[in-house]
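Asks: Construct the entire structure; sequences and hints are all you get.
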Amino acid sequence: MRLAVKVIWLMLWTVCIAEDCKGPPPRKATEILSGSWNDQTYSAGTQAFYKCRPGYRTLGTIVMECRKGEWVSLYPSRTCRIIKCLPVTAPENGRIINDLMEPDQEYSFGQVVQFECNSGFKLSGRKEIHCSDNGAWSEDPPKCVEIECRIPEIEQNLIAYPNQEKYRVGDVLKFSCRQRFIRVGPDSVQCYPFGWSPDVPVCKAEVSTCGPPPELPNGDIEKTRETEYTHGDQVEFHCKPGFLMKGPKKIQCVDGTWTTLPICIEEKSTCGDIPELDHGYVQPPDPPYRHGDSVEFSCRETFTMIGHGTVTCVKGTWTQLPSCVATDQLEKCKISKSTVNEANLPNKLEYDHNQNISYKCRGKAESKHSVCINGRWDPEVTCRGVQPVQLCPPPPQIPNAQDMKTTVNYQDGEKVSVLCQEGYLIQEAEEVVCKDGKWQSLPRCAGQCAQSSYSKRSF
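Going by mature numbering (1 follows the signal peptide of the UniProt record, and there is no 0), the letters in the sequence shown line up with residues -18 to -1, 1 to 441, in that order.
One should not assume that every hint holds.
What the hints assert, rightly or not - In silico DSBU-like links for lysine-lysine, alpha-carbon gap of 35 Å or less:
1. Lys205 <-> Lys156
2. Lys342 <-> Lys397
3. Lys420 <-> Lys231
4. Lys232 <-> Lys387
5. Lys420 <-> Lys156
6. Lys205 <-> Lys387
7. Lys10 <-> Lys66
8. Lys417 <-> Lys319
9. Lys228 <-> Lys420
10. Lys205 <-> Lys297
11. Lys397 <-> Lys104
12. Lys330 <-> Lys346
13. Lys319 <-> Lys330
14. Lys231 <-> Lys156
15. Lys417 <-> Lys148
16. Lys231 <-> Lys186
17. Lys397 <-> Lys205
Simulated from the structure, these hints should not be mistaken for laboratory data.
Replies: Below, the structure is given as structure tokens:
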């Protein structure tokens, strides 16, 4: 009898402690629960099996079991860990532009790497690749190949030079016509990532004259307007106060037709508060300060101004401030003995601030002048030969920008402001700059929905 009671008691005790588990079994965000599980209770010993979501993996199967009313992991060390891709390196002559990782660090599933090439090179392959759910990159990293411009078609009376096997970005091709022919178009073109610009000239036996140049809205011609202009004549324009010029400031008569006018657009940006000048002061007009507005700075007593006292608001930014230097701390300018001999100067090696000198280099008839500005000569006192000024070809016609077609060459340091067509936004610089005979800092006009991945470049 006692034995039977014990057996019954043991059975009742087992039923009491074998608590059910509430379903469905829990899961982590990185896991997928296998099978179909309802919102009900599950008896002790029930097991649930899991697999990892795409992009994650684990060694072995993840198992949860119902024990004493709770779901318990049978293998706690088995967890879903994110899949990694091996490090990727930048292509030769290129770079990774969104790489925030440390060198040689692995990439996680889903991460994207974008590439771009240095100036004069273009991508061969995908611009971006991503770390796939199998731990491999979606594509091989791209390569950067050198951009070349094919030699343009040249008519029989046009001579092009220099003659090269290949032309790279930045190379300039110059033109001349054979005897008894006249060039119509630019005297040189430059190789850009999008090809040669401007268009190659042609040679003609006869050319036509031009009538008066067209009127420029919100602008005017620099000199008196003539009634007739010969082929090759140039005229220069300026914009009225409060307007900014976009495009080449000079147009040219080309075989009876004027090249494209620039555009004068209203300058709407204003400048903020006038910057403070140490040891100086200003009596400005009332704000707001619009494009073209100027203020005049002065230095306090016992201080001397270095630089220009007039500061102007240009495109929402003040031009460079002068500086006020204590008069008793102004530095002297020095001249070397060799320069004294070459320039036929008195045997004096130091000059005070604001002191002027005039000199003639040996064997030269030309007189030169310079002034000492706080330890520096302006301009430099030298008898070295002056390098010939390199002219840039006419500025390029940038894709999706206003019509900038012109045949006028530009001098070193000159700039041309670029205006994009409607629906396009300018990226990087807003102007191209002539430097060392080539156009530098090429901007681009991108669709308003396009994301910029450009870095600053020059050609």
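Asks: Taking the hints in turn, state whether each one holds.
Replies: Results for each hint:
1. Distance check on the hinted pair: Lys205 and Lys156 sit about 30 Å apart at the alpha-carbon level, within 35 Å; holds.
2. A hinted pair counts as satisfied when its Cα atoms are at most 35 Å apart, and Lys342 with Lys397 qualifies at roughly 33 Å.
3. With a C-alpha separation of about 18 Å, the suggested pair Lys420 and Lys231 falls inside the 35 Å cut-off, and the hint holds.
4. Proposed proximity of Lys232 and Lys387 is supported: the alpha carbons are some 11 Å apart, at most 35 Å.
5. For the suggested pair Lys420 and Lys156, the alpha carbons sit about 12 Å apart, so the restraint of at most 35 Å is met.
6. Restraint check for Lys205 and Lys387: satisfied, since their Cα atoms lie roughly 22 Å apart, inside the 35 Å limit.
7. Note on Lys10 and Lys66: the hinted pairing holds, with a Cα-Cα distance of about 20 Å set against a maximum of 35 Å.
8. For the hint pairing Lys417 with Lys319, the CA-to-CA distance comes to about 33 Å; that is within 35 Å, so the pair holds.
9. Among the hinted pairs, Lys228 with Lys420 is consistent with the structure: their alpha-carbon atoms are about 20 Å apart, no more than 35 Å.
10. For a cut-off of 35 Å, the pair hint linking Lys205 to Lys297 stands: about 26 Å separates their Cα positions.
11. Distance hint between Lys397 and Lys104 is fulfilled; the C-alpha atoms sit about 26 Å from each other, no more than 35 Å.
12. With a C-alpha separation of about 21 Å, the suggested pair Lys330 and Lys346 falls inside the 35 Å cut-off, and the hint holds.
13. A distance of roughly 9 Å separates the Cα atoms of Lys319 and Lys330; the hinted pair therefore holds under the 35 Å criterion.
14. Proximity of Lys231 to Lys156 is assessed by CA-CA distance (about 22 Å); at most 35 Å being required, the pair is judged to hold.
15. Pair hint Lys417 plus Lys148 holds up; C-alpha atoms about 23 Å apart against a cutoff of 35 Å.
16. With a CA separation close to 27 Å, the supplied pair Lys231 and Lys186 stays within the 35 Å bound.
17. Restraint check for Lys397 and Lys205: the C-alpha separation of about 21 Å stays at or below 35 Å, so the hint holds.
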